[in-house]
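Which chain is which? The protein sequence lines are A and B, in order. Here my numbering is used: the first residue of the first sequence is -15, the next is one more, and so on. Here my numbering is used: the first residue of the second sequence is -15, the next is one more, and so on.
Keep in mind that the hints are not guaranteed to be accurate.
The list makes no distinction among identical chains, and a pair is therefore deemed to hold if it is satisfied within one copy or across any two copies.
Taking lysine-lysine pairs in the BS3-like style, the calculated list, with each CA pair at most 27 Å apart, reads [said to hold, decoys possible]:
| # | residue 1 | residue 2 |
| --- | --- | --- |
| 1 | Lys187 | Lys246 |
| 2 | Lys61 | Lys133 |
| 3 | Lys245 | Lys182 |
| 4 | Lys182 | Lys215 |
| 5 | Lys24 | Lys187 |
| 6 | Lys215 | Lys246 |
Source of the hints: derived by calculation from the structure; they are not laboratory data.
Each chain is listed here by its residues.
Number of protein chains: 2
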Amino acid sequence: MKIAIVGLGVVGGSFAKALKGKGHEVYGVDINDTTIAIAKAEGTIIEGYHNGKDIVPECDLTIICLYPSLILDFLRKTTFKPGSVVSDVVGIKSSFLNKALEIVAPDVEYISIHPMAGKEKQGYIYGDAEVFRGANFIIIQHPRNNEEKIRQMALFAMDLGFRPARIMNPEDHDEIISYTSQLTHAIAVSLINSDTQKYETGKYIGDSFRDLTRIANINENLWSELFLNNKEYLLESITHFEEKLSEMKKAIMDDDIETLKKNFIEATKRREAL
Amino acid sequence: MKIAIVGLGVVGGSFAKALKGKGHEVYGVDINDTTIAIAKAEGTIIEGYHNGKDIVPECDLTIICLYPSLILDFLRKTTFKPGSVVSDVVGIKSSFLNKALEIVAPDVEYISIHPMAGKEKQGYIYGDAEVFRGANFIIIQHPRNNEEKIRQMALFAMDLGFRPARIMNPEDHDEIISYTSQLTHAIAVSLINSDTQKYETGKYIGDSFRDLTRIANINENLWSELFLNNKEYLLESITHFEEKLSEMKKAIMDDDIETLKKNFIEATKRREAL
């Protein structure tokens, strides 16, 4: 299959690296010459282009790994091969997918995907095929999709190491993701920013603090877009969390050891079930 | 040095394993026969006892790895070798240390320590010398302490793989720990318990959710003791965190992308500084 990866950042780079040796013809589109040179030297792409127009119209699959705000513009400017599959990897779907579907031609199979594998780093060199191994993969299905193409996308993802894909509608995706992904980032950022910095914090941390703040190293442009484009669901998820934390706070204030234990036991049960 | 480890759970077990081959005579005290048999078979202890009285009075160092609520009772029942060092590894210090000092004889060097290396598992078999490697280590100094003995404890910890110890008073310890350790556990528990469970959550998580909930698998007896014995500092840390989260929530509500970005940039800067 002839594949174009548009945007050779950390996600596009991971795709390029994971696709190596899988028998496809992979091309890259990126504005950065150094990135293209490295990818070519590593043999993850055959050729790189500044402009999608120079390669995308010939490709059977185009994976767009750009910032959400840049994708619609890319879709407007680009003509895709009839019958080909075009995918984006944007972390929020409902507000975005309808706009995309208004732009792409009806003879193009638009399949929005969410590979749940990331890194707190930016750029092709941090792309890593290993992060796909055993990671969750979501395919967003819309009424115009062809069942067989969805099935092929699921197989494609498994071939790259992902777990069997979950297929869902954009609203359900955005609701669950507001909890599992966006709320966690809001928490990590708030945790590290709530440090009074009275002590030299780094000398007094264990793995728990390291784990909870790893994702506080965050791409501010990407995540502010993601947060604001999913605000209703995200605000709801934050509120649910605040209620639980406030319940625990009250138990501490009241020396209510039974409520604390009940919360800890429930948390342990849920974590083990994961 | 003749060393007694009292309580061969996950922390005591880690000490026993880390001490192996370091040239000490190590003994264990535990109520569980199987635990003692395993530790002897692994050669991490020379002999095990149900009762501390049978070995502790001969030891130069006693490391008490019991639940906070059991330690004072143990101190009351036990006679220590004059001039020997007695340590506890309790996660909160101010409310506890004064009580301990009232019990132990003045000719005993009581050094309260906090090895910041843990596991979300219980029991000797999960003890692991590797968790000490590069971990933080805190020594709580009180007016009765001998400087030279404190220095020896710091060397002892480094010999087990810890980073150079931080020496501080019990109040400062409890304040910083309420933030780096207890708040993180309160957050992890609240996060997983705030799941509406409308979806099969495990299929829609990435590393961020895994990281933030790892410690939600929590020992309810130990942590309810730790929370309630540090309630003033912990409530303050929770409040600081709530304020930051609420600031972010307001920014999302108001589509205030500048405040969001400002928070993300600050978080990234702080995380990188760790």
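Structure versus earlier hints, numbers of those that do not hold, lowest first: 5
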